Amino acid sequence: MTATVEVRAVSHRFGDTVALDSVSLAIEPASYTVLLGPSGSGKTTLLSILGGFLVPDEGAVWIDGRDCTTLPPARRPTATVFQDYALFPHMSVGGNVAFGLRMRRVARGQRERRVQEALGLVGLPDAASRRPHELSGGQRQRVALARSLVVEPAVLLLDEPLGALDLKLRRQMQDELKAIQQRVGTAFVHVTHDQEEAMALADHCVVMNHGRIEDQGPPERVYLRPATRFTATFMGESTLIPGTVAGHRDGRVVIDTPLGRLEIAADGPSGGEVTLALRPEHVRNGPADGDGVPLGTGVVAEVVFQGSFKRVTVQGLAVPLLARLPAEHPVRPGDRLTLHCEPRHMVLLTL
Amino acid sequence: MAHRLPRVVGALYAALIYGFIFLPVVVLVLFSLQATTLPVPPFTGPSLRWYDAVLSDRRLTAALGNSLLVALLSSALAVVLGFLAAWGLARFRPPGSGLWRALLTLPLMVSYLIIGMGLLILLNQLGAPRSRVSAGIGHVVINLPLCFAILYSQMGEQQARAEQAARDLGAAEWQVLLLITAPMLWPALFASFFLSVTFSWDEFIIAFLLTRFDTTLPVEIWNLLRAGLNPRTNAVGALVFLVSAVLVASIELVVLRRRRS
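Keeping their order, the protein sequence lines are chains A and B. Each residue of the first sequence is one higher than the last, beginning at 1 in my numbering. Each residue of the second sequence is one higher than the last, beginning at 1 in my numbering.
These are calculated hints, taken from the structure and not from any lab test. As the structure is a prediction and not an experimental result, all values here were calculated from the model. Check the hints yourself; a few may be wrong.
To be verified - Which residues of chain A face chain B? A partial, calculated answer using Cβ under 10 Å:
no.: 1; residue: GLY51
no.: 2; residue: PHE53
no.: 3; residue: ARG76
no.: 4; residue: TYR85
no.: 5; residue: PHE88
no.: 6; residue: MET91
no.: 7; residue: SER92
no.: 8; residue: GLY94
no.: 9; residue: GLY100
no.: 10; residue: GLY109
no.: 11; residue: MET199
Unchecked claim - Pairwise CB distance ranges, derived in the manner of DEER restraints:
no.: 12; chain 1: A; residue 1: ASP126; chain 2: B; residue 2: VAL255; range: 31 to 37 Å
no.: 13; chain 1: A; residue 1: PRO72; chain 2: B; residue 2: VAL255; range: 32 to 38 Å
no.: 14; chain 1: A; residue 1: ASP126; chain 2: B; residue 2: LEU103; range: 51 to 57 Å
Glycine included, every Cβ here is placed at the ideal spot set by N, Cα and C.
Whole structure, please, built from the sequences with the hints as guidance.
What follows is the structure in structure tokens.
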């Protein structure tokens, strides 16, 4: 299957700042791609380049088998949902949604039918005659979505679409976005800095930092087996443990760490400095048994109650560790904890 | 008792200020309703005979027509040019856009006399006749900076993003201007047009220097005044004031309505 969008070695700078550094990316048809990264990571620049609002300094963008690198937004098969929705305040909701069809000279009867369909799709079937300023934030978001979807783009670009909504509404819109995407079968590209949003929505998660793609793949894989140290700490939390490769034994890598000598099943490098990443939820309370890896005994420095669990920072070990304990665990700062983990949960990072 | 004094003084002060500003207009309007031939006390009206005289005076009605024509057309041109300049400088930020902006607003600081003289000399050099057209050009020169300044200040980020969205949805540049930018700026366009009309309507110096036979109303009033005081001048002055007041009131109405919404 050929990709809907192909980004080939795209670089872009603003003055002296490198916004994108040779980024390549393929977006599959009918997939939900999330560009995840902190501010300044280049994710919004990449979206602007996909939408045609920016022409990259280097590289090419192919959409639907056509070179669109220098094509203006009006002439590419993309549509953008802007962060502040950018609805036309002087038009009714119906007028807003119909705008793209008017520009494409769609006949009035068909136009009205498609506007009504699009508004129904986003759950606002009776809003056509209302004005944008009469709507709530969530409703404006839906109108913006309908306005972009009605022109049947090959790719829908969403620039932090849920950023302006409160948390509850955000989670609700998130589910709806996913449902709508699956119903219309259009490829969605969604920019966010919220990793929970990314994991909930993405078929394909692209983690960006400093203008480069750090990691990409299904969110489960990116979360469980992050490719880089940045991904391990940005997509959820991790404790990073520095180490040196000492050798190999039976297809396992032997690594010297401040916590002692560990053996990890991986095709690691033959030598040099590496990092082990360990998720807080994989740190177990109690002494190691079987093939468990002892992490030592330390003192609880901080306990943060998070509802479904307690987030605990343990000091006094060779490396300060993050761990999760059950919400009902009576742990308090100053308590001593003995911790271990399973070797399969340690991720070997070389980048 | 003591706390009342500042209020009384304040009210007195306000009465003096407003009296200073509006008393001449009140006197002008009052004696335009004079029944006898001299616009001096005692007041003998009210009578509409002088209004009748004004409206049956061919020279004055012709001047009124010229004034309207010059005001409406020059203002329309000033708004269109100001709008395009504001849009271009706000959206595309050409190199040296700060300098362009300064040059465009500079005529606001130049006196009408200088602008009128300059145009007069230029027209003489070109051998062009003095006419309503040349007066209209003069009024575009004085009103364009105003229209530009008002419209440029209204070119906000919100419009810019709506324009982006329109382009994204397939609109060509002229469609963006016509369907998004202009309608979103409608109150500012309206205000700058009517403000221009107001300024052009009672502008004297430029019209005096640049017209010859088809003069505008302020020039014609000046002609009347040279013949001495007469309630007819009061009546025509009152008419000019009435039109200006209506224009200003309609601007206020539009701006206030927008604030409320």
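Tested hints:
1. Annotation: GLY51 of chain A was flagged as interfacial toward chain B, and the flag holds, the nearest CB pair being 6 Å apart, inside 10 Å.
2. Interface restraint check: PHE53 of chain A against chain B, minimum CB-CB distance 7 Å, threshold 10 Å, status holds.
3. Taking 10 Å as the C-beta contact cut-off toward chain B, the hint placing ARG76 of chain A at the interface holds, the least distance being around 9 Å.
4. Given hint, TYR85 of chain A at the interface with chain B, holds; its Cβ is 8 Å from that chain's nearest Cβ, closer than 10 Å.
5. Hint status for PHE88 of chain A relative to chain B: holds, with the closest Cβ pair at about 6 Å, below 10 Å.
6. The beta carbon of MET91 of chain A comes within 8 Å of a beta carbon in chain B, closer than 10 Å, and the hint placing it at the interface holds.
7. Violation of the interface hint for SER92 of chain A is found here, the shortest Cβ-Cβ separation to chain B being roughly 13 Å, above the 10 Å cut-off.
8. Taken as an interface hint, GLY94 of chain A does not check out: its beta carbon lies about 14 Å from the nearest beta carbon of chain B, beyond 10 Å.
9. At its closest, the beta carbon of GLY100 of chain A sits 4 Å from a beta carbon of chain B; the interface hint therefore holds under the 10 Å criterion.
10. Look at GLY109 of chain A: its Cβ only gets to about 20 Å from chain B, farther than 10 Å, so that hint breaks.
11. Interface restraint check: MET199 of chain A against chain B, minimum CB-CB distance 28 Å, threshold 10 Å, status violated.
12. Range check, ASP126 of chain A to VAL255 of chain B: Cβ separation about 34 Å, and the 31 to 37 Å hint holds.
13. For PRO72 of chain A paired with VAL255 of chain B, a C-beta distance near 36 Å keeps the hint of 32 to 38 Å intact.
14. Under the hint 51 to 57 Å, the C-beta atoms of ASP126 of chain A and LEU103 of chain B, about 52 Å apart, fit the expected range.
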